[in-house]
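Enquirer: If you want the building blocks of each chain, they are given just below.
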Amino acid sequence: MLTLAFGSTMIRLVGGWVTAENALWRGLVRLAEPTAYLAAIGGLLALAASIMSGLATTWPLEVLLTSSVVLNKIAITAFSATFWTLFVAIRSIYGARLWNRARLRGAYAALAAGGFVSLMLAGSTGGHLAGKRSMLEGVLHLLGVNTHLLFTIPAPVAYIAMSSVVLLVVLALIRRALCSKSPPRAAAVRPDMSS
Amino acid sequence: MELHWTIEGDSIYLGLSAPTTGWLAIGWDPSGPIMEGEDILIGYIRGRELFLQDYYANRSVTHANDVSLGGRDDVLEASGTEDQSSTTIEFRRGLDTGDRFDRPITPGAHTVQLAYAPTDDFVTYHGEKRTVVRIDFFAGGAQEAGLFARPRALGTGNGPLKPWGLTVAAGVVVIIGVTTAYLLWPQRDRLPPQR
Numbered sequence: 090m091l092t093l094a095f096g097s098t099m100i101r102l103v104g105g106w107v108t109a110e111n112a113l114w115r116g117l118v119r120l121a122e123p124t125a126y127l128a129a130i131g132g133l134l135a136l137a138a139s140i141m142s143g144l145a146t147t148w149p150l151e152v153l154l155t156s157s158v159v160l161n162k163i164a165i166t167a168f169s170a171t172f173w174t175l176f177v178a179i180r181s182i183y184g185a186r187l188w189n190r191a192r193l194r195g196a197y198a199a200l201a202a203g204g205f206v207s208l209m210l211a212g213s214t215g216g217h218l219a220g221k222r223s224m225l226e227g228v229l230h231l232l233g234v235n236t237h238l239l240f241t242i243p244a245p246v247a248y249i250a251m252s253s254v255v256l257l258v259v260l261a262l263i264r265r266a267l268c269s270k271s272p273p274r275a276a277a278v279r280p281d282m283s284s
Numbered sequence: 030m031e032l033h034w035t036i037e038g039d040s041i042y043l044g045l046s047a048p049t050t051g052w053l054a055i056g057w058d059p060s061g062p063i064m065e066g067e068d069i070l071i072g073y074i075r076g077r078e079l080f081l082q083d084y085y086a087n088r089s090v091t092h093a094n095d096v097s098l099g100g101r102d103d104v105l106e107a108s109g110t111e112d113q114s115s116t117t118i119e120f121r122r123g124l125d126t127g128d129r130f131d132r133p134i135t136p137g138a139h140t141v142q143l144a145y146a147p148t149d150d151f152v153t154y155h156g157e158k159r160t161v162v163r164i165d166f167f168a169g170g171a172q173e174a175g176l177f178a179r180p181r182a183l184g185t186g187n188g189p190l191k192p193w194g195l196t197v198a199a200g201v202v203v204i205i206g207v208t209t210a211y212l213l214w215p216q217r218d219r220l221p222p223q224r
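First to last, the sequence lines map onto chains A and B.
To convert, note that position 58 of the first sequence is 147 in this note's numbering; the numbers rise steadily by one, no gaps.
To convert, note that position 100 of the second sequence is 129 in this note's numbering; the numbers rise steadily by one, no gaps.
Hints are not guaranteed to be accurate.
Examples of chain A residues toward chain B, derived with CB under 7 Å [as the list claims (entries may be wrong)]:
1) Ala138
2) Ala167
3) Arg194
4) Phe205
5) Thr241
6) Ile242
7) Ala244
8) Ala247
9) Ala250
10) Met251
11) Val254
12) Leu257
13) Val258
14) Arg264
15) Ala266
DEER-style ranges, computed between Cβ atoms [claimed, not checked]:
16) A/Thr92 - B/Pro133: 56 to 62 Å
17) A/Leu134 - B/Arg101: 47 to 53 Å
18) B/Asp150 - A/Leu260: 53 to 59 Å
19) A/Leu93 - B/Glu78: 27 to 33 Å
Simulated from the structure, these hints should not be mistaken for laboratory data.
Here the structure is a predicted model, which means the values were calculated and not measured.
In this text, a Cβ means the ideal position worked out from N, Cα and C, and glycines have one as well.
Could you put the whole structure together from the sequences, leaning on the hints where they help?
Expert: Structure follows, in structure tokens:
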């Protein structure tokens, strides 16, 4: 379902640029918007259910946590769930009007892409776990990614990354507050006195 | 699940019995994590025929036939019976086969994992139907050894779980933070006027 959400988002995105007289294409673009939203909600619920069933019914938790492949899969799934949760949250807050605003449109599509790619990686890691070869294996090896090794970043890097992001959000909030106090630039322009 | 054994010369006779009509397995000496590095004998009875194979746990939660890995099947002789509710498998193999995918049985305690599943498919997960014991095949007797052999990597300190948890947290925070900051950042036309 999340793949459907990603595909629908991309169709809607492309539909914003590529207009055609073809009624089928226009109908597809029109349907893609609600489809992406509903499929993302369904997919997110299914993802949550699969996470819970995976943790509860496969290997015992204390065993799961000893496998680097399982830990990698949990981490990537957490990232994917975060992308899709934000995707659904943005659509819930702004509604279909988000497609009228370039910034929101870009963020929405980027979240769908991030969610889709991370979900694909999680699936590939699951393939390793089941002892089967994944179609992505060759690509991952070319990129030097080894899903058998536990992926971690050094603690200082993690703390710096988190602090920087928090700082960035605070900075955005401050700038936003400053802007809301000042009149928009367009209103501050000297009126034309020639007439 | 019951395990019986007798050592004769340079061979060991092993007998497994469990209340299932699916597969039964015994494995010993994992290097960890979980099953990795374990010498496994796994078998089932279909119809009146016994299928018993020499396996090796090439990964923490998966195993493969020794032959497929480039080793040998070192079961010297085997027999088994199955009724409507239970299966018994007996076999003989050398104490030290010399195969690099086998673990020699030597005096002293060995970590032994026993498991069975409801179906004949080797991929079927055994779930709770497994146990780990410490056995000295020469001296006799068995001792409970907990759920699974502890992997060496997790045996000391906090293991990799702490940096892994931090990595996951950092990833989630970065995804949420960057998205939030991007959406909160005031647009150019709403910036305060330049003096």
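Enquirer: Decide, hint by hint, whether the structure agrees.
Expert: Evaluation of the provided hints:
1. Ala138: violated, 18 Å
2. Ala167: A/Ala167 check passes; min Cβ-Cβ to chain B is 5 Å, inside 7 Å.
3. Arg194: Not OK, violated: A/Arg194 not within 7 Å of chain B, min 12 Å.
4. Phe205: violated, 14 Å
5. Thr241: holds, 4 Å
6. Ile242: Check passed: Cβ of A/Ile242 comes within 5 Å of chain B, closer than 7 Å.
7. Ala244: Since the shortest Cβ distance to chain B is 6 Å, the answer is holds.
8. Ala247: Where the cut-off is 7 Å and the nearest Cβ of chain B is about 4 Å from A/Ala247, the hint holds.
9. Ala250: holds, 5 Å
10. Met251: OK, holds: A/Met251 within 7 Å of chain B, min 5 Å.
11. Val254: At 3 Å from the nearest chain B Cβ, A/Val254 passes the 7 Å test, so the hint holds.
12. Leu257: holds, 4 Å
13. Val258: holds, 5 Å
14. Arg264: Since the shortest Cβ distance to chain B is 5 Å, the answer is holds.
15. Ala266: At about 9 Å, which exceeds the 7 Å cut-off, the nearest Cβ of chain B leaves the hint on A/Ala266 violated.
16. A/Thr92 - B/Pro133: 56 to 62 Å: Because 49 Å falls outside the window, the suggested range is violated.
17. A/Leu134 - B/Arg101: 47 to 53 Å: holds, 49 Å
18. B/Asp150 - A/Leu260: 53 to 59 Å: Given range 53 to 59 Å: holds, Cβ gap about 56 Å.
19. A/Leu93 - B/Glu78: 27 to 33 Å: violated, 46 Å
Hints 1, 3, 4, 15, 16, 19 from the list above are not met by this structure, while the remaining hints are.
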